[in-house]
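Engineer: Fit chain B to the known structure of chain A by using the hints.
So the sequence lines, in the order shown, correspond to chains A and B. According to our numbering, the first sequence is numbered sequentially starting from 1. According to our numbering, the second sequence is numbered sequentially starting from 1001.
Some hints could be false.
If you want the footprint, here are the derived chain B segments under chain A, 3+ residues with CB under 8 Å [as the list claims (entries may be wrong)]:
{"no.": "1", "region": "1018-1026"}
{"no.": "2", "region": "1033-1041"}
{"no.": "3", "region": "1130-1136"}
{"no.": "4", "region": "1146-1156"}
{"no.": "5", "region": "1169-1183"}
Here are the in silico distance ranges between beta carbons for each label pair [said to hold, decoys possible]:
{"no.": "6", "chain 1": "B", "residue 1": "His1178", "chain 2": "A", "residue 2": "Ile28", "range": "57 to 65 Å"}
{"no.": "7", "chain 1": "A", "residue 1": "Lys137", "chain 2": "B", "residue 2": "Asp1229", "range": "18 to 26 Å"}
{"no.": "8", "chain 1": "A", "residue 1": "Asp75", "chain 2": "B", "residue 2": "Asp1076", "range": "49 to 57 Å"}
{"no.": "9", "chain 1": "B", "residue 1": "Arg1073", "chain 2": "A", "residue 2": "Ser183", "range": "18 to 26 Å"}
It is worth saying that the hints were derived from the structure and are not from the lab. These numbers come from a predicted model, not from an experiment. Using N, Cα and C, we set each Cβ at its ideal position, and we do this for glycine too.
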Amino acid sequence: MDMILTELSESLRAGDAPKVAELTQQAISKGIATKTILDDGLIAGMTIVGDRFKAHEIFLPDVLLAAKAMYAGMDLLKPLMIKEGIPTIGKVVIGTVQGDLHDIGKNLVGIMLKGAGFEVIDLGKDVAPERFVEEAKRADALAIGMSALLTTTMPTMKKVIELAREQGIYGKTKIIVGGAPLSSEYAAEIGADAYCFDGVNAVERMKSFVRA
Amino acid sequence: MRQELRIPVGDVVPPVVAVLKAQAIPEGVTPDERISRLAEEAIATYRTLADPVGILMDVSRDEFETVYRGEGRNADETPLDRIRPSADSLALFVVTIGEKMCEEITRLFDVREFAPGSMLDAAASEGAELAAQAVELSYRQHLHERGRLDSDTGTLQFSPGYCGWHISAQRKLFDILHPEEIGITLNPSFLMHPLKSISGVIIAGPKEIFAFDDDFPFCAECRTHSCQDRLSAVLRQ
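So here's chain A without its partners, still in its complex pose:
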């Protein structure tokens, strides 16, 4: 593998955004294929970051610094990916459910999904059930990700899933849920495909849904 890509991956792991931007530009100028820069440089780096986070070797702030560096590289690659017709791994519609204004967890999940190469359509907070499903249909999304921090807003997740069934996207579009009061039992009860306890876990589960 080209030394630039190794260095790129290492700089990303170190959360050095300016260096990642510089090395990504160098890799582009050197004629390395866009997909190779993405896979062997940026995503390779983020995968190691995720693994180290899971192993408790690094912590949330380290992951977020790496994510910022990932964005710096993606800013340069994204126009090339569009030009060359390189698809993202998948599109994910995310949001905090209707009635809930807590969005820090949802934001972190979005950052990590983008960092892993997914296209994230962030609907924000206080999102009506209809919007989740409409956007997922429009984007032919791989998944819908919903967050809730209040027990009182959790039932809205079930409404989204019911709506997804009615609209015929349930099954094709996976549903992941997360938030402090949730559990895998609750996720199963309402028919979600996965409960994710943090952003790195969300990336892992989302990768398992990627269509062949």
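Structural biologist: Here is chain B on its own, set in the frame of chain A:
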């Protein structure tokens, strides 16, 4: 008694260790210098932007009953059902660390400063908890000055949305406290704006009335079971 409390920021500054813990960095782990610096910078920003202010108001048992019942959506049995009949004094409170903090957190995420944004969010959450504790301390002082606090008296806070007390009770609490006077509003889902705000009741009474086990049906959904730490703290008061 109804008083507006201007809390000096310096009284409610979260320590680095608390901010790091809120970022899921375990106590006893020394993070690298870069992360420690992020925490210190977040605390410095907190010192600049936080504007802690609250309202504290004595209420009668009957007044509190109205607030507690809210819209009739509480759990069938709650710790408050057992505690409140034995309370000596009750006060409603609301406290916020202000809108500027929330705006800065949003701004940081918007400009991709994710790690500082997340760290500031942690500092703000911890700061709001400290501000609520400061209000409770103020209530204890109020009781002390009136000879209603002795060594056997404990105080404990409960908030709508926790421990079986339905969040919809916020509406009645706001009807009595009028937190909009200090810039706190309630949305249709009973959430407060600014988000880093805390409301509830402070109950004063003999320490033994506060003892309860965390085995209510709703406790199964609780991740923290922090009630037991809070009950221990009552015994130390």
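Engineer: Please go over all the hints and tell whether each is borne out by the structure.
Structural biologist: These are the hints, each one checked on the structure:
With 3 residues carrying a beta carbon less than 8 Å from a beta carbon of chain A, the region 1018-1026 of chain B meets the three-residue requirement, and the given coverage holds. Only residues whose C-beta sits within less than 8 Å of a C-beta in chain A count toward coverage, and the region 1033-1041 of chain B has 3 of them, enough to reach three; the restraint holds. Evaluation of the coverage hint for the region 1130-1136 of chain B: breached, as 0 residues show C-beta separations to chain A shorter than 8 Å, against a requirement of three. Check result for the region 1146-1156 of chain B against chain A: violated, 0 residues qualifying (beta carbon to beta carbon below 8 Å, three or more required).
Against chain A, the region 1169-1183 of chain B contributes 0 residues with a C-beta closer than 8 Å to a partner C-beta. That does not satisfy the three-residue criterion, and the hint is violated. Hint check: B:His1178 to A:Ile28, Cβ distance near 59 Å, so the stated range 57 to 65 Å holds. A hinted range of 18 to 26 Å is violated for the C-beta pair A:Lys137 and B:Asp1229, which are about 46 Å apart. Taking the beta carbon of each, A:Asp75 and B:Asp1076 are about 54 Å apart, inside 49 to 57 Å as hinted.
The supplied range of 18 to 26 Å is met by B:Arg1073 and A:Ser183, whose beta-carbon atoms lie about 21 Å from each other.
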